[in-house]
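**Q** For chain A, the structure is supplied; the task is to place chains B and C on it using the hints.
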Amino acid sequence: MSGNAVDQIFIRAKEWLLSLLIGRVPDWAVQIASSLINIAALLGVFLTLFALISVLERKILGRIQNRYGPNRVGPFGLFQPVADGIKMLIKEDIVPARADKIVHFLAPVLIAAAAILTLGVIPYGRNMTPFVIDGGILFFFAVSSASELTVFMAGWGSNNKYSMLGAMRAIAQMISYELPLIITVLPVVMIVGSLNPDKIVDAQGTYVFGFIPHWFVFTPWGATAFLLFFVSGLVESNRTPFDVPEGESEIVAGHMTEYSGFKYATFFMAEYIGMFAVSGLAVTLFLGAWHAPLPFLEFIPSYLWFFAKLSILLFVYIWLRGTLPRTRVDQIMNFAWKFMLPMAFTCLIAAAIWHYTGRGWRGWLWSAGVIAAVYFTLSILLETKKKFAPRTYRFAE
Amino acid sequence: MSAVTFAIIAILTLAAALAVATLQKLMHAALSFAVMFLGISAFFFLLGAEFVGLVQVFVYIGAVAVLIVFTVLLTRHDQEKTRGFNWSGVVVALAVFGGLIWAITKTKLLQSAPRPIEPITVHRIGELLMTSYVWPVLCVGVLLTAALIGALILVMEDKGQ
Amino acid sequence: MTLSIFLIVSAALFCIGVLAALSRRHAIFILIGIEMMLAAANINFIAFWRFAPSPAQPIGVMVAIFSIAIAAAEAAVGLAMVIAVYRHFRTTNVDQLDQLKG
Numbered sequence: 001m002s003g004n005a006v007d008q009i010f011i012r013a014k015e016w017l018l019s020l021l022i023g024r025v026p027d028w029a030v031q032i033a034s035s036l037i038n039i040a041a042l043l044g045v046f047l048t049l050f051a052l053i054s055v056l057e058r059k060i061l062g063r064i065q066n067r068y069g070p071n072r073v074g075p076f077g078l079f080q081p082v083a084d085g086i087k088m089l090i091k092e093d094i095v096p097a098r099a100d101k102i103v104h105f106l107a108p109v110l111i112a113a114a115a116i117l118t119l120g121v122i123p124y125g126r127n128m129t130p131f132v133i134d135g136g137i138l139f140f141f142a143v144s145s146a147s148e149l150t151v152f153m154a155g156w157g158s159n160n161k162y163s164m165l166g167a168m169r170a171i172a173q174m175i176s177y178e179l180p181l182i183i184t185v186l187p188v189v190m191i192v193g194s195l196n197p198d199k200i201v202d203a204q205g206t207y208v209f210g211f212i213p214h215w216f217v218f219t220p221w222g223a224t225a226f227l228l229f230f231v232s233g234l235v236e237s238n239r240t241p242f243d244v245p246e247g248e249s250e251i252v253a254g255h256m257t258e259y260s261g262f263k264y265a266t267f268f269m270a271e272y273i274g275m276f277a278v279s280g281l282a283v284t285l286f287l288g289a290w291h292a293p294l295p296f297l298e299f300i301p302s303y304l305w306f307f308a309k310l311s312i313l314l315f316v317y318i319w320l321r322g323t324l325p326r327t328r329v330d331q332i333m334n335f336a337w338k339f340m341l342p343m344a345f346t347c348l349i350a351a352a353i354w355h356y357t358g359r360g361w362r363g364w365l366w367s368a369g370v371i372a373a374v375y376f377t378l379s380i381l382l383e384t385k386k387k388f389a390p391r392t393y394r395f396a397e
Numbered sequence: 001m002s003a004v005t006f007a008i009i010a011i012l013t014l015a016a017a018l019a020v021a022t023l024q025k026l027m028h029a030a031l032s033f034a035v036m037f038l039g040i041s042a043f044f045f046l047l048g049a050e051f052v053g054l055v056q057v058f059v060y061i062g063a064v065a066v067l068i069v070f071t072v073l074l075t076r077h078d079q080e081k082t083r084g085f086n087w088s089g090v091v092v093a094l095a096v097f098g099g100l101i102w103a104i105t106k107t108k109l110l111q112s113a114p115r116p117i118e119p120i121t122v123h124r125i126g127e128l129l130m131t132s133y134v135w136p137v138l139c140v141g142v143l144l145t146a147a148l149i150g151a152l153i154l155v156m157e158d159k160g161q
Numbered sequence: 001m002t003l004s005i006f007l008i009v010s011a012a013l014f015c016i017g018v019l020a021a022l023s024r025r026h027a028i029f030i031l032i033g034i035e036m037m038l039a040a041a042n043i044n045f046i047a048f049w050r051f052a053p054s055p056a057q058p059i060g061v062m063v064a065i066f067s068i069a070i071a072a073a074e075a076a077v078g079l080a081m082v083i084a085v086y087r088h089f090r091t092t093n094v095d096q097l098d099q100l101k102g
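Each protein sequence line maps, in turn, to chains A, B and C. Going left to right, the first sequence walks through residues 1 to 397 as our numbering numbers them. Going left to right, the second sequence walks through residues 1 to 161 as our numbering numbers them. Going left to right, the third sequence walks through residues 1 to 102 as our numbering numbers them.
Heads up, none of these hints are tricks.
Pair ranges (Cβ atoms, derived):
1) A:Leu17 x B:Ala15: 31 to 41 Å
2) A:Gly205 x B:Gly126: 17 to 27 Å
3) A:Pro342 x B:Met130: 17 to 27 Å
4) C:Pro53 x B:Pro136: 18 to 28 Å
5) C:Ser4 x B:Pro136: 23 to 33 Å
The following residues of chain B were derived to be distant from chain A, with all beta-carbon distances above 12 Å:
6) Ala7
7) Ala15
8) Leu94
9) Ala95
10) Val96
11) Ile104
12) Thr105
13) Lys106
14) Ser132
15) Pro136
16) Ala146
17) Gly150
Coverage of chain C stretches by chain B, computed from C-beta distances (three or more under 8 Å per stretch; other residues unrestricted):
18) 38 to 49
19) 71 to 85
FYI, nobody ran anything at the bench for these hints, they're computed from the structure. Every residue gets a Cβ at the ideal spot worked out from N, C-alpha and C, and that includes glycine.
Looking at chain A on its own, in the form it has when it is part of the complex (with noise of 0.2 Å):
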């Protein structure tokens, strides 16, 4: 399905570069230039999206707390990331003395770099997937896996206690919500057939009665799936309220303490592109990636429609993060091993009940049942028997 000429404008600009080259340049330096123009594109979108966001968070954030959010350079405050890069650039970078002075330095280039991969898998547009790999849900999940070892790197290159006890809590929270992470996607794996993230966008695509997206997000199971992924995304990029590895009341920004200037602005860099790589494969797994919510509205641009979706995810982090308070470490590990991974498996249970019980109306309710069903169990077994005393005071009479 070719789409119309805006649609696919920037893969036309990309073929009429790679015009120019082709009767010049051997065959593999064509295939090397094509990769190298996708990588920029990758780069100049999402580090724009990084600048971009960094001030539209402080603003809603100020907004929601009934105050004005930075506003004093450029038109609205907009060009604060400007003012935030030099300010970063030129802080004198301080390494500890006693520091392994490669693991120190290499943390945060490894930590960018396995957050920037993971953002190559995901669907932007129609034809607009950076890079095609047949199990590119899986090439995911890998690279986000072995950016836990990274941050451990950062914390025991410090040479810190402190730095230290902040990585392993953060690796900790990382493992304990992988999980989660994986088995919710699981269903959706499972009713495509293919860990192909194109084929899971083709999947979606058709529209139920003529004006209902066959989106994942609208069944039972895809709804359940959908906020599981959602919250295990939100533990996994390290926001509050699930913070504890670098909230500074708790433990001085955790394994992300002994370094300054441009490294803790890496740091944050990959926090935040890996914030934007899980918000973007929720799009493509559960709403439907590029497609258009109705039959009418597909004119719009594909790649439009993504970013639309994305935005309002990314909006959703940026409003819990600033409702929620942080949660404590403990209270995390019992939510992710007690409840969201038996909610997990419930969830593939009720796709694959959905799926052999034909798909319709009945699949619906069976599924839905099933899903609720666990729910009720789960919230009745895991209620703390806690009974709280009246509150007492001892000065304020």
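**A** Below, chains B and C without anything else, positioned relative to chain A:
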């Protein structure tokens, strides 16, 4: 072109492997272990088995390397390096290498040209795992459960001592 | 890129694994050596699958997948044992772990 790629990946992997076997600082050796597995995964990609390469990165670098690094941390007493390198190990390793090279060069391998690259698809692997290889999958499941419970019991602290 | 060159590289990796397992004195590094040997064997399996004559059986790929799973399980149990031994003897130097009496 692919010969150059092969040479680079081979040199990287063997250098990381030598670093694991000989570095005295434990953490650096554990981190070179992760780099070595990245190199091995690149070999799998070169050979057309992409799924196995991805599973390798996921399991070894994401799980086994993290386990090893945590264990090195938990079993440190205040000296960083453990002195001690047994040189007779080098002799045995060289003897094994010599034997293997002799075996490889003396065997008449099939001289057919390699098939054109058809990387095996995930779909095919999934199909095989559920039809011809379903018993090994179930056995590996039981094995992993047993390993999980066993490892937990081994490191549980004895209460009341 | 012939079959022999892959086999030679995997033989070299295997021998470096033997070197790590035999010459290091820290218990964890002996386990690392064993993991390296398993990985070298995996490369062998996949190389033979790739260079097999045309109706290729996917057995090499399957065995490699199961081998990775089993190696991970074995690493987990081995490292748990190292931690348990360390708690008891306060050392991980295998030269000093030479008595059955606890």
